[in-house]
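Going down the list, the protein sequences come from chains W and S. Using this note's numbering, you'd call the opening residue of the first sequence number 1 and step up by one each time. Using this note's numbering, you'd call the opening residue of the second sequence number 1 and step up by one each time.
Hints listed in this document are in silico derivations from the structure and should not be mistaken for laboratory results. Just to be clear, a hint being listed does not mean it is correct.
Said to hold, decoys possible - Here are the simulated distance ranges between beta carbons: (1) 233(S) / 137(W): 28 to 38 angstroms; (2) 233(S) / 497(W): 53 to 63 angstroms; (3) 38(S) / 425(W): 36 to 46 angstroms; (4) 315(S) / 78(W): 40 to 50 angstroms; (5) 38(S) / 270(W): 22 to 32 angstroms; (6) 53(S) / 281(W): 49 to 59 angstroms; (7) 410(S) / 61(W): 12 to 22 angstroms.
Since this is a predicted model, take the numbers as computed values, not measurements. Note that the Cβ used here is the ideal one computed from N, Cα and C, for glycine as well.
This is what each chain is made of:
Number of protein chains: 2
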Amino acid sequence: MSELLLNIDQKHKDTLYKQIYNGIRLSILNGGLKAGEKMPSTRQLSIELSVSRATVTLAYEYLLSEGYLESRSGSGTYVSRHLPEEYTQIDRKSINIDGLNLTDTGIVDNVKDYAIHLYENLSYYGLNLKTGNYLDYATSDSDVDIQFGFGRPDLKAFPMKKWMQLMTYHAIRANLHLLDSPHEAGGYHPLKEALSHYLLKSRALPCKPNQIIVVNGSQQGIDLVIRCLLNPNDLVAIEEPGYLGAQRAFQAAGAKLIPIEVNKEGLRIDILKANYDVNSKKILKMVYVTPSHQYPTGAVMPLAKRLELISFAKRTGTIIIEDDYDSEYRYDGRPIPALSGLAKSAPVIYIGTFSKVMLPALRLGYIVVPEPLIDIFTSAKWLTDRHSPLLHQQALTDFLNQGHLERHLRKMRPIYLEKRRTLIKLLKELFGYRVNILGDDAGINILARFQTTISDEEIIQKARELKIGLVTTKSDYISKQVSGEFLFNYAGEPLPKLIAAIKKLPNIIY
Amino acid sequence: MSELLLNIDQKHKDTLYKQIYNGIRLSILNGGLKAGEKMPSTRQLSIELSVSRATVTLAYEYLLSEGYLESRSGSGTYVSRHLPEEYTQIDRKSINIDGLNLTDTGIVDNVKDYAIHLYENLSYYGLNLKTGNYLDYATSDSDVDIQFGFGRPDLKAFPMKKWMQLMTYHAIRANLHLLDSPHEAGGYHPLKEALSHYLLKSRALPCKPNQIIVVNGSQQGIDLVIRCLLNPNDLVAIEEPGYLGAQRAFQAAGAKLIPIEVNKEGLRIDILKANYDVNSKKILKMVYVTPSHQYPTGAVMPLAKRLELISFAKRTGTIIIEDDYDSEYRYDGRPIPALSGLAKSAPVIYIGTFSKVMLPALRLGYIVVPEPLIDIFTSAKWLTDRHSPLLHQQALTDFLNQGHLERHLRKMRPIYLEKRRTLIKLLKELFGYRVNILGDDAGINILARFQTTISDEEIIQKARELKIGLVTTKSDYISKQVSGEFLFNYAGEPLPKLIAAIKKLPNIIY
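If we strip away everything but chain W, and leave its shape as in the complex, we get:
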């Protein structure tokens, strides 16, 4: 037992039997104790370590039950002979014995070779993730007092109490077998019915409930579309500037991205038609659009353009991915009907989310797929993560059916509108001709294009010194270098605070 080195410490947080257990176990793995070697009796060891015999017996019992030790009747306890020789020999030198901790348990090999080996085994997708940098998003900065950069709704205004009442109601009563069947992976049926009603009413989008797949936010909607429909090297047209989350997801899957300019009417369909129409040799697999409120420019695609895009898609077979991330916030008239509702058999997949109208951290969204794709998308959702959390889905059903969402939106629209108009007026007063406000009266952010000689980086840095978080649209462009374009989300902060922050900007942007 000389090699056993049992460091028994009466004050150690681990109980005594556990210290003995760990010490013997590691010594066996280390080869300090050899296969077949006889162990001291429990009595012997208890005297040696000055602990009770019951403590040693307990440790031995665990080691026996786990196969480290074996007992031969009438002869005592031995280190198991069935531990593979190859294992205990090869790795003998590489281990320390001082109980379990984060670094020294297990057998340490050459860590560098190990990493290389893992990288050699990456999939096509995994290798894309390794070589691209998919984690370099601008993110909110906890050091600042006000964060202009992110498209968040006003979290404090959300009727959280009501939401939690609904959650709790279902939690107490829930039949949690409800989504057992893979056929229900697409979502809780009453929610799909409520969404189908909601889409018809608010987006003129008629669909059957089973065309709806409930997902964990719009990102999963985009991801499922990509997985089911996109092969590496497929051509995908996207808006430029456009939503980075979609760009990145397409890139990671190996799409060839074709950035298409955006103007006051959204994506320039004339460019699509000029380059990818039926006579072109280049086949466009998909076009990703945010027609109701282009991200980040805020342009609203007029009806005529929508119809033109649908015609193009029908003619060429291009699949339209319509990301309708915040059409609920429109201040000058009824929302324009969703693309998906304008043409029953055009290849359009609609993506909706509750991130902008409720809470981003809920991770709840949905997609509407053409009928021939229902089973395929349902299978994909089932294999991916079974289904979205049931309680959330049940609470959301009531939230929609009982009118809470409508009430919340009715309450928020005039508040957001007032903030929007006040800030636009203020920016124009402060910057005059040197600022251009893009986009229509919609959404919960403003895109301002400044004429300035100061670099984006310097502006962001100086803003941070004033405790103001700014985000540029730079990374929303793929083929162009654009500067001086900043996003102003006004949803989450009270108007006086927004005004005070905006008033500081002329000292930074000039």
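Fit chain S to the supplied structure of chain W, relying on the hints for placement.
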């Protein structure tokens, strides 16, 4: 306006302006109203329809703002000239006008061609989903009184009230910006710390918190592993019988599955060594195992075999996917340490879940990845669905740190053990030599192999007539035809009910 066919109905659920709006809109899309055509004045139309002029004006305003109509100063209102000709002409005949409903809005093409076109555009993965049948799982039957087939914990015993208190606590206070950064896509940091502590303590698995990726249940863990590491045609060894959810996910991704027999010690590593060791030409990419409690046989892989599997993996570079779905339920001694904890630099990915110890419908699990893969898996999670719901993660952190999970497990273990032992005894009494109970004293289900001449289908059918839901392991086999193997989950029902149901079985299985 003869073609406008405005069906104004005072009793219709839609307001009058909406009926007018819909009628005109559909007539324009239908071509009944042509581009450039002059519209009646609001006064004229209000008289014609016997509605107030304000109502007509409101409808016109929406149509103007959406681009269906245009006004020329001094000259009146016209159907927009900018609606593309191609669109309104081609589809003229295919639309009815009677307001929005599920079937007649939008432009109907040849639906059959449309489906074919969509199928031609499926990805490799999408095509696999279409050709395989991924939705034909046995699922729980609401017609039965007792459901033996599924590995569910006792939902009624879960401290739901405590859980909802924790959820509500965080909901009211939550800073929902917490997971803003893609670097945090892997999960809420305090939860990762709690899990790292839990894994070290309960599974002898030392890992750094950032090696943990919080996912939506173990299925998403399996899916992320597949996406990041598996290419089509890669060889993957899996247990036979084995977990269908993993099999299907591998198949959908194009893996070549190699079923490996399972015996009392779990996956037969000797078969792996004989066929895929370093001298073999065939390279095994992954091996998927459930060593702590093999699904569905219940075998526990002894330590020696675990070490042997790790040696094999290190030698050959095969990546081990360790699915530890229910190791918390072990009744005869401490759980055997996780494979992942036995070898620091062996290529092992550990998958854990809270489905079996808390609630399946929560959709919460986690994976532990080797350090070189942290960024890649974090990127994958971010691109897939951003992150798992924050409130769940916060509540789970407290649930672990405040000892609720341990308390819950301590309470449930003796209850499950009593049920287990009683049912095994009863089955042996009732069936004698004609039943063989597989597996160790672990988990929340029993696998019973019956000697019977009755087919599985007939047994299931007859059981259903007695209001008993049974599930066979038939579909857990890939290369073999096996019958007479049934799963008995005993967690969710009280013992007398379980006994009563089991006592009926000799009339069905004989």
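Verification of the supplied hints:
no. : hint                                : in the structure
1   : 233(S) / 137(W): 28 to 38 angstroms : holds, 34 angstroms
2   : 233(S) / 497(W): 53 to 63 angstroms : holds, 58 angstroms
3   : 38(S) / 425(W): 36 to 46 angstroms  : holds, 38 angstroms
4   : 315(S) / 78(W): 40 to 50 angstroms  : violated, 27 angstroms
5   : 38(S) / 270(W): 22 to 32 angstroms  : holds, 28 angstroms
6   : 53(S) / 281(W): 49 to 59 angstroms  : holds, 55 angstroms
7   : 410(S) / 61(W): 12 to 22 angstroms  : holds, 19 angstroms
The structure does not agree with numbered hint 4 stated previously, though it agrees with all others.
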